[in-house]
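Please construct the entire structure, taking both the sequences and the accompanying hints into account.
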Amino acid sequence: MTIHATECLLRMHDQHHELEDYQSGVPRWCTGCGDNAILAAVQRLCRDEDLRPEKTMFVSGIGCSSRFPHYMKTYGFHGIHGRALPVAEGIKMARPDLNVFVNTGDGDCCSIGAAHWIHAIRYNMNMTVMLHDNQIYGLTKKQASPTSPRGTKSNTTPGGSYLEAMQPLTVTLGVQNVSFVAQAVDWIPEVLYDIISKAFKHKGFSFVRIIQRCPEWLPNTFEPWMQDPLRTLLLTHENGLTLSPNLSKVYKTQERHDPMNINRAREIASLQDPIPVGILYNNPNVPCYEDIHNIGQQRSTRYIKAGLEAEFDKFTIWPQAADGKIQPGA
Amino acid sequence: MQAELQAHIAFHLTGRMPQGEFAALTSSDLQPAIFAGYRDLTSLRYDFPLILARGGGQPVQSLSGLIDGALKDIAAGDEADRLRKHALRIERELRRLVAEGATGSLSKLWDLGVTRVGPKDDKLLQDSLRRLRAALKIDGEVVDCDKTLPFRLFQHLWQAGQDRKAQNFRADVNRLIMKLSDILSAEFVRSKEGLSAERLRASVGAAHQSDFDFDAMSRLLTESSVNVPMPESRRRRVRGLLSTLRAQRFYAAASDGDKGIDVGEPYSFVFEKCSDAVAAYRERLPRMVELAKAIAIARLELESKYSEAHHDAFFAEFGDNGLDPEDLALFPDYLICLGAADLAASESDLILQALAAGMPAKIVVQTDDLLEQSPLGSDYMISGLRSKQLASTAIGLGACYVLQSSGSNLFRLREQILRGIAYSGPALFSVFSGASGTGVPPYLTAAAAAESRAFPAFTYDPSAGPDWASRFSLAGNSQIDLDWPQQRLEYEDAEQQLVSETVAFTLVDFAACDPRCAKHFAKVPRTKWTADLVPASEFLDREPIDLVEKVPSLLMVDGDNRLQKVVVNDRLVREAHRCAEAWRSLQELGGVHNSHAAILLERERKVWAEQAKPAAEAKPAVAETTPAAVAPAAATAAPAIAEAAPERSPDEAYIETPRCTTCNECTTINDKMFGYDANKQASIINPDAGTYRQLVEAAESCQVSIIHPGKPRNPAEPGLDELIKRAESFM
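Those protein sequences? They're chains A and B, same order as listed. Under this note's numbering, the first residue of the first sequence is numbered 11, with each subsequent residue one higher. Under this note's numbering, the first residue of the second sequence is numbered 855, with each subsequent residue one higher.
Keep in mind that the hints were calculated from the coordinates and are not lab data.
The list that follows gives simulated cross-link-like pairs (lysine to aspartate or glutamate, EDC-like), each with its CA atoms no further than 20 Å apart: (1) B/K1579 x B/D1505; (2) B/K1534 x A/D58; (3) B/K1534 x A/D31; (4) B/K1159 x A/E64; (5) A/K259 x B/E1510; (6) A/K262 x B/E1510; (7) A/K83 x B/E1157; (8) A/K315 x B/D1036; (9) B/K1534 x A/E59.
Put into structure tokens, the structure is as follows:
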């Protein structure tokens, strides 16, 4: 139900925000870090969509990426390791009116938080999830993460990592109820912004893996892709990304990919070289958990109290009076 | 032969019926030939009866559709044939029951039908019926196509819409009430009274009361509180909002609402007179404004956005000019059911005024009889003038949803009806029930009226788009591109040979169904079926010059299913011409044989032919193409024009700003020389604010290599040779 007058009045006296209005403090990320590009793109989105700071929430776990909420002048929740998604789901359940964003890293999401990740996809709650994937644990100074390529030398794998890297896109696309999967790279800011913007506008669990450079611990990992634009496969479609002519001139390896085609999306997700960039899957028809679960009951104080009392009563031992009768509430 | 022709013409023009030549059309079972197969409706499978389903899902379903759906679910394997056979038997039985006048819910009629359809000890039959019943997922009132159908159907669909509206409204208002109450209770908890020793004691509970000094706790909490009390004006406002929201009578209060306040019965929104509905609307308007205002203010309060300086003045005048459609959409619509026969001129006038003013009304005008007495004489004319006039005037209002249909078509047009009911503005539904009281089943009369264009179906939906093409639709009529719909008629002739011919169904056929029009027809004995008798539809199509010595006739069947021919009076033919004229204007509105389009097309064809001429002369072998085929090719999009890169001197330092990843490398080197734009992407803001060395270092450290240092601006800078060399790879 829309109230014409209120909406109109809210807009009339609402302040327009500039990009700086969303900036809080000076980022402590290393100079050259790809996280800065993600921060700039997200702040741009907030400004362009005119998101009200008091209605916007950034949730994170632990890691370099998870310092993100500190740098946004909105509400934020710097949570515990691997648990950004359950916290975000709780927030969305209690306050569906908030714009919820999640910033998580490859260690936070794909290692300790992997179980939550899988189920969050299945729940398909309306939030935008950015996986800052730099393929290394950076905050703790270089240990191999699940997405480190095989052979990565790190403090925990001095002889090079043994296992093939996990591919977050194929995992996400394999879970029931998946509704939005995209991949971006931090070094093409225009596309990064477009993808985050599309993810935000999608109603459901929008999962964006952002391949992000770590200039400190893995300075050369993505150098070959940055030097050769032909090794980036841009996915275009009228329901996905449309590229500017200038970008099209530089990134000539392109594929027209319908984001509703999940089978092709899974094939594209497995590509390692060229790196696919764009919207792999977007299905607006998957129901959101908060909508299915809506029982149509006002969560009034009376209702919550009655529920709590009923739960407590299951464990209450009623004191018995002298006449042997039970006295509830005594 | 000449004498017969003369007799035919004499009757056609004057209605004179010489003895022996003709027989008057008295027998009511003489029907248009095309009706021969429809004498017994109970043995036919068609849309009726309908089930007005309770609960969710499709609110109206046809019996046949339901049975088909059930069979789809259960009829499989060896038993499929048996189930299907039994399903059709019970369906026919139910149809028979309804035709005999039985009423009630589907489950009631089903039970009754089961007792009549076959013996109880027929185990297979009983098994089929039990399984079919279990597969019918819905229940609801069963209605046939009769006089009560339009009002019952519309009321049912309207009610389903209102229930949904009420549910949304209650959820919304209950939420507002709860949140507003929270504002007051939060304020109380932080107040001196809320922090009193008694309150604190009560909140801890009995078990640990002795562990605390509540007086000290109260003192501490009260003294340390930095609480700024809520302004009195806001408290008053919130209380006022709460009482307005709780006292509303537009919807029944929710079951978990406050039971302490008696606000009276909820308002009724169903009316049988437009004047009553308008009076009720006028009386309730101040309360509507008050409630809409309360909801708007409450939303602002909940966002903590209500500013007295800004909003007091606005809300003081809120609703002075009536309510916006968005506000009106909150409230129930007024359902007004009227009979066209009782429609006085003043009432018609009021309807149009209410519709024009955007009153949230859904008006159903039901016509039972299309034959009206002419004010100029005692003769009857076929028109249904009042309702048709109302519908066409309502279309002229522009913002009113209009639907006209005969009762037989209502099920087919159910989606359009639902759209009209959900439409945010006023809607007018004009329905011909077919219950003229002539003995012909109302379904047949209604279907004949639709088929003969006497009461054509159309919808005008202002929400569908900005133009007539998207708003106006003739869906629901058969063969809309023809003047009169045509059917195949097959019969055996005297030699028992199969004869098949195409027969059109015209207004004359519709009139032939009505005994009151009998005097316009005269039965011609078979021996006098001469060549001058031409089918009425042909007669209506031809130019007057071709009609010399021709008389219009109609094929009819009698009670024994024998073909008869009747001659038609000229009066009726003139009426049919008028009807065809009206249909053709509807066709034009609906984009069929549109005269403007035809003129335009003709002109374009000529232009194209002239343009094609020189080309054809030059290249005589070129295949002919139509202008329509040329148009799409011309309409292809112009190629995208690439953004031109700005012209730059190779000596000038610059950054490819759109590619900047905001990594802070350059700004860390010199934040006077490099700066961010509104999108937080870097550019050179002052090339003189630093050295060429800094420019080159920034280019080297840029992660995405988008800094181009150009040539040094200060020739005196030390170490330039080496720097220029380093800068070469970034040129």
